[in-house]
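With chain A's structure known, arrange chain S on it following the hints.
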Amino acid sequence: MELYDLYQNNYLVVLMFLLLGILLPMVALTAGKILRPNQPSKEKQTTYESGIEPFHQSWVQYNVRYYIFALLFVIFDVETVFLYPWAVAYEKLGIFALIEMGIFIVMLLIGLIYAWKKKVLKWM
Amino acid sequence: MMNDLLHSAPSLSNTLIFFALGASLLMIVLGFVTYAILAERKVMGFMQLRSGPNKVGGRFGLLQTVADVLKLLLKEDTIPKAADRPLFIIAPVLAFAPAFMVLAVIPFSDSLRFSDIGIGLLYYIAISGISTIGILMGGWASNNKYALLGGMRSAAQMISYEVPLVMSVIGIILITGSLNLIEIVDAQKNLAFIFVQPLAFIIFLIASTAELNRTPFDLPEAESELVAGYHVEYSGFRWAFFMLTEYVYLFAMASLTTVLFLGGWHPVPFLGFIPGVVWFAIKFSLVVFIMIWFRATLPRLRADQLMSFGWKVLLPLALLNIFISAVIKEIWF
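Protein chains in written order, with the numbering used here: chain A, 1 to 124; chain S, 1 to 333.
Looking at chain A on its own, in the form it has when it is part of the complex (with noise of 0.2 Å):
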């Protein structure tokens, strides 16, 4: 019970947290509101290009390498994903565990070496 309260009151603070985060914001934008001007123009409300006249939209087909780094970052955050219960444990599981960890790096290893190898690294 004791535990169970902890645990609790533990998430009722990040939840407090969550809440003055968000509060925060909406309380300064809404004073914000009431104190600033508010005189658009549509000069003022196009995009903004170094001085010249905006042309065509900027929501367009993006260059595939960002993806390959999405992809390449979800391989290792989810090896990460693994290695912390086991740093965690690691007392209780001794040896073992250890060079069965290695093995699992190794492998990972190896792929961030092909993809090296593979020019997947390189930016542009």
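These aren't lab readings, by the way, just hints derived from the structure by calculation. A portion of the hints provided could be inaccurate.
Calculated lysine-lysine pairs in the BS3-like style (CA-CA distance at most 30 Å, straight line) [unchecked claim]:
| # | chain 1 | residue 1 | chain 2 | residue 2 |
| --- | --- | --- | --- | --- |
| 1 | S | 189 | S | 329 |
| 2 | S | 81 | A | 33 |
| 3 | A | 44 | S | 75 |
| 4 | A | 119 | S | 312 |
| 5 | S | 312 | A | 117 |
| 6 | S | 71 | S | 42 |
| 7 | S | 42 | S | 55 |
| 8 | S | 312 | S | 329 |
| 9 | A | 44 | S | 329 |
| 10 | S | 75 | A | 42 |
| 11 | S | 42 | S | 75 |
| 12 | A | 44 | A | 33 |
| 13 | S | 312 | A | 118 |
| 14 | S | 55 | S | 75 |
| 15 | S | 329 | A | 92 |
| 16 | A | 122 | S | 312 |
| 17 | S | 71 | A | 42 |
| 18 | S | 55 | S | 71 |
| 19 | S | 189 | A | 33 |
| 20 | A | 42 | S | 81 |
| 21 | S | 71 | A | 33 |
| 22 | A | 44 | S | 81 |
| 23 | S | 71 | S | 81 |
| 24 | S | 189 | A | 92 |
A partial selection of chain S residues facing chain A, derived with a Cβ cut-off under 7 Å [what the hints assert, rightly or not]:
| # | residue |
| --- | --- |
| 25 | 37 |
| 26 | 82 |
| 27 | 143 |
| 28 | 144 |
| 29 | 170 |
| 30 | 174 |
By construction, the Cβ of each residue, glycine as well, lies at the ideal position given by its N, Cα and C atoms.
This is chain S only, laid out in the frame that chain A set:
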């Protein structure tokens, strides 16, 4: 006090107390941001042989940032016609809220702490990742070429450097056997982890600078090529919230560095009579100063150098560090 509150049964009055405590921390953080900006401008001024702000608020420009914030509050707020209006409005909030949320788990001293979650470190990393979405969203919703480029670059950079950042702390988790930040600080009672894990500290410091989008790694904002990056179209207080997010993250990251590597509130030997909060503040200020120092001395990297440095240097080093720490732990502990 916080400990008793956390151990009592949850109730409405407790919730209100938590809210009030969180609000007071928010005020402290806002105060920090105000004077961190001033300190940054002042320190950079001295490093570049000029005097920095010195007109508003006396000889040291003590009210300069306050005046800046008031000015921003009174600025007209323009949303471009071509922008995606709902996303444009949500983006600064989405960037800011996680920046403040991560502070919930950081222990500032023995008694001054908020949430005592068992997975504190993981919580920090998971929540701070959400800000990337806010920045990318802001860049995309602006419907501006510079903003989109800045937002994309920022996302690519932040996810690339998150991997070494996250991996460098595994050594510490190995030695401590816990993700709880309070237990991590307690494990450094005799020796701070910067001496046990020097390699991890260097990786962490570099990767955290990149995560904060600060100067050698400020490509998302590169003034000379992208005007201002993802917040080109933002004005007034919406822009201020992106700036605020950056500085709140500076606060959070400097606190995290202090907690993980510099021993948190534990004093240096023979100086134990100084209270823990002061020690935390000293170490924290040192980290912030180093960040400002970086900004004043180092030139900006190129985009390709940035990516290859993260993936080809920092990531293998971080993996190596995991191995070294596992072996050390096997031999010594």
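Against the structure, the hints:
{"no.": "1", "hint": "S:189 <-> S:329", "verdict": "holds, 18 Å"}
{"no.": "2", "hint": "S:81 <-> A:33", "verdict": "holds, 19 Å"}
{"no.": "3", "hint": "A:44 <-> S:75", "verdict": "holds, 13 Å"}
{"no.": "4", "hint": "A:119 <-> S:312", "verdict": "holds, 11 Å"}
{"no.": "5", "hint": "S:312 <-> A:117", "verdict": "holds, 11 Å"}
{"no.": "6", "hint": "S:71 <-> S:42", "verdict": "holds, 20 Å"}
{"no.": "7", "hint": "S:42 <-> S:55", "verdict": "holds, 12 Å"}
{"no.": "8", "hint": "S:312 <-> S:329", "verdict": "holds, 26 Å"}
{"no.": "9", "hint": "A:44 <-> S:329", "verdict": "violated, 62 Å"}
{"no.": "10", "hint": "S:75 <-> A:42", "verdict": "holds, 18 Å"}
{"no.": "11", "hint": "S:42 <-> S:75", "verdict": "holds, 25 Å"}
{"no.": "12", "hint": "A:44 <-> A:33", "verdict": "holds, 18 Å"}
{"no.": "13", "hint": "S:312 <-> A:118", "verdict": "holds, 13 Å"}
{"no.": "14", "hint": "S:55 <-> S:75", "verdict": "holds, 22 Å"}
{"no.": "15", "hint": "S:329 <-> A:92", "verdict": "holds, 13 Å"}
{"no.": "16", "hint": "A:122 <-> S:312", "verdict": "holds, 10 Å"}
{"no.": "17", "hint": "S:71 <-> A:42", "verdict": "holds, 24 Å"}
{"no.": "18", "hint": "S:55 <-> S:71", "verdict": "holds, 16 Å"}
{"no.": "19", "hint": "S:189 <-> A:33", "verdict": "violated, 50 Å"}
{"no.": "20", "hint": "A:42 <-> S:81", "verdict": "holds, 9 Å"}
{"no.": "21", "hint": "S:71 <-> A:33", "verdict": "holds, 13 Å"}
{"no.": "22", "hint": "A:44 <-> S:81", "verdict": "holds, 9 Å"}
{"no.": "23", "hint": "S:71 <-> S:81", "verdict": "holds, 24 Å"}
{"no.": "24", "hint": "S:189 <-> A:92", "verdict": "holds, 23 Å"}
{"no.": "25", "hint": "37", "verdict": "violated, 17 Å"}
{"no.": "26", "hint": "82", "verdict": "holds, 5 Å"}
{"no.": "27", "hint": "143", "verdict": "holds, 5 Å"}
{"no.": "28", "hint": "144", "verdict": "holds, 5 Å"}
{"no.": "29", "hint": "170", "verdict": "holds, 5 Å"}
{"no.": "30", "hint": "174", "verdict": "holds, 5 Å"}
Against the hints set out earlier in the document, violations occur for numbers 9, 19, 25.
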